[in-house]
Amino acid sequence: MRREGLAIMAVTAVKSVTSTVAPEAFGPAVALSCRECGARTPLAPDFACTECFGPLEVAYDLPTGDPEALRARIQAGPANIWRYAPLLPVAADVAEHPSLSPGWTKLVKAENLARELGITGSLYVKDDSGNPTHSFKDRVVAIAVEAARTFGFTTLSCSSTGNLAGAVAAAAARTGLRSCVFIPYDLEQAKVVMASVYGGEVVGIQGSYDDVNRFCSELIGDPAGEGWGFTNVNLRPYYGEGSKTLAYEICEQLGWRLPDQLVIPIASGSQLTKIDKGLKELIALGLVEDKPYKIFGAQAEGCSPVSTAFKAGHDVVRPQKPNTIAKSLAIGNPADGPYVLDICRRTGGAVEDVNDEQVVDAIQLLARTEGIFAETAGGVTVGVLQKLIKNGLLDPTAETVLLNTGDGLKTLDAVVPTTGLSATIRPTLDAFREAGLG
Amino acid sequence: MSVSVRIPTILRTYTGGAAEVKAEGATLSAVIADLEANYAGIGGRILDDGGKLRRFVNVYVNEDDVRFADGLETSTPDGAGVSIIPAVAGGC
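Those sequence lines, one after another, are chains X and U. Residue 249 in the working numbering sits at position 135 of the first sequence; the count goes up by one each step and never skips. Residue 380 in the working numbering sits at position 29 of the second sequence; the count goes up by one each step and never skips.
One or more of the hints may lead you astray.
[To be verified] Within a straight-line C-alpha distance of at most 35 Å, the following computed DSBU-like cross-link-like pairs (lysine-lysine) qualify:
{"#": "1", "chain 1": "U", "residue 1": "Lys403", "chain 2": "X", "residue 2": "Lys435"}
{"#": "2", "chain 1": "X", "residue 1": "Lys391", "chain 2": "X", "residue 2": "Lys504"}
{"#": "3", "chain 1": "X", "residue 1": "Lys220", "chain 2": "X", "residue 2": "Lys501"}
{"#": "4", "chain 1": "X", "residue 1": "Lys223", "chain 2": "X", "residue 2": "Lys405"}
{"#": "5", "chain 1": "X", "residue 1": "Lys394", "chain 2": "U", "residue 2": "Lys403"}
{"#": "6", "chain 1": "X", "residue 1": "Lys391", "chain 2": "X", "residue 2": "Lys220"}
{"#": "7", "chain 1": "X", "residue 1": "Lys391", "chain 2": "X", "residue 2": "Lys405"}
{"#": "8", "chain 1": "U", "residue 1": "Lys403", "chain 2": "X", "residue 2": "Lys425"}
{"#": "9", "chain 1": "U", "residue 1": "Lys373", "chain 2": "X", "residue 2": "Lys435"}
{"#": "10", "chain 1": "X", "residue 1": "Lys501", "chain 2": "X", "residue 2": "Lys405"}
{"#": "11", "chain 1": "U", "residue 1": "Lys373", "chain 2": "X", "residue 2": "Lys391"}
{"#": "12", "chain 1": "X", "residue 1": "Lys504", "chain 2": "X", "residue 2": "Lys405"}
{"#": "13", "chain 1": "X", "residue 1": "Lys220", "chain 2": "X", "residue 2": "Lys425"}
{"#": "14", "chain 1": "X", "residue 1": "Lys425", "chain 2": "X", "residue 2": "Lys504"}
{"#": "15", "chain 1": "X", "residue 1": "Lys435", "chain 2": "X", "residue 2": "Lys501"}
What the hints contain is simulated information worked out from the structure, not anything from laboratory work.
The following block holds chain U by itself, in its conformation from the complex:
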């Protein structure tokens, strides 16, 4: 399962400046593990010490916020787009 992952600016130091990278995995959890294998250190920025999504990170698989789906176990079908976005934007 190959997916495209959009990388936020603050994580691009891990991807050599790339805004979008390819990753493999049938679930979000597997995709993040694959990212970590290729871009060492990036996984620890997305997940906390307990292996959960950091509370100020939003991850979308295609159009869906994974917190509305199955979290890290959300399936990532072949060709899906994954977006990692800081959660602190917006509002009043």
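One chain only, chain X, in its complex shape:
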């Protein structure tokens, strides 16, 4: 079992960094570290490096003892993300705090889909539609809420393509915080309902997601935004860590081992980068045996800045104006795009995209083969899996894990034109037979 990665992870607390909060509130986290220049700052509600504007992420002093003991401790934990508290920027007693307790969603062995796609290796769907607000966002928000409470924020907010808004509003309701979320004004109705039903304020911004994001970034620097914790802006370093739990769960559910290949949707790219971070942590801690794995990114053709850069061999991402039905992935200026390119290239994976028609076909393919109704982002991921097999980039004989990050009930509009009644008949047996249904 190789342990070479440990040096990356075993962060020693930096003496010059003085935290403004009780250190135990963030468990094994010791500082914020710039991904670009490596500069360190105390754990605080900061998201961009003062030296170079690079993204800040949480640095840890992770437990380096006996892997068996750590594995046993995790397995004895609750059936939600808090079982991984020793690896997250949260207090040790986090499971006792009010939260939606997300995670520990199903890892479904997708034998029918595998057969349909000509995959002879094992295929799994990590189905995160099973979270409390029906998307993976509950994971990241749960961590952000802990940080918000620690920093004393009274309003929880976000810029959102829809799923995050619902997750923030629900988590705020559970924890007694005020919520005010910002979304593009033309989102799917189900996502607007999901955001507003929890009683917080939901503000539609006349513009794209990137405009919403810009607005929130400016609000943070304004007195009007004082006391506000934006899950994916000033709390982003903590929030992003929630996606590591997808990596932890996948490996634990596989029997504490790494899959060969993962196919992950890309919006900002944060989720993909944090899954890679989580996998590397598990290797470094000796919780899984080290072996090569490939990470593939999935985008919609109508918003494919990362896929375009990957295919062109670029290491920077040129922003695009999104135009796709996959609105939860419609981020034209993805903050983590360059890191996604690095990871997919480093692991031998790729980034691919599919058009809206292929997205709808893929939603229906997953539904009719596995009984899983994915939102458009899931359609993108399944569609890209198909394409990767066809173009020979993904090995159909290897073990593959596919992410479904949200519930199809949120994006019904996408499939309304191609679904509906098979027949309308009078309530008689003759009518049933005449319709050819017998």
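Chain X is fixed; fit chain U onto it per the hints.
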């Protein structure tokens, strides 16, 4: 050409805490040079060693991301609003 420049929190140490400052210049490049002349050091936070916009900085002239326009050569008409924003926000 006088423009208003919104300064993000992490650069306000250069502007004495001011969230918005005035600057002169007909292009973004000239505006940044003027900012540097008045607030020494700020230019190096916005531009890299090669004089290009740092990859994690977004700059808007009025409503437009300059990466969709002419980058540092984007014109900054009199009265325009320039926003400098960290790019690492948002998303999943």
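Verification of the hints:
no. : hint                : verdict
1   : U:Lys403 - X:Lys435 : 22 Å, holds
2   : X:Lys391 - X:Lys504 : 29 Å, holds
3   : X:Lys220 - X:Lys501 : 25 Å, holds
4   : X:Lys223 - X:Lys405 : 22 Å, holds
5   : X:Lys394 - U:Lys403 : 33 Å, holds
6   : X:Lys391 - X:Lys220 : 21 Å, holds
7   : X:Lys391 - X:Lys405 : 15 Å, holds
8   : U:Lys403 - X:Lys425 : 24 Å, holds
9   : U:Lys373 - X:Lys435 : 30 Å, holds
10  : X:Lys501 - X:Lys405 : 25 Å, holds
11  : U:Lys373 - X:Lys391 : 42 Å, violated
12  : X:Lys504 - X:Lys405 : 25 Å, holds
13  : X:Lys220 - X:Lys425 : 33 Å, holds
14  : X:Lys425 - X:Lys504 : 16 Å, holds
15  : X:Lys435 - X:Lys501 : 24 Å, holds
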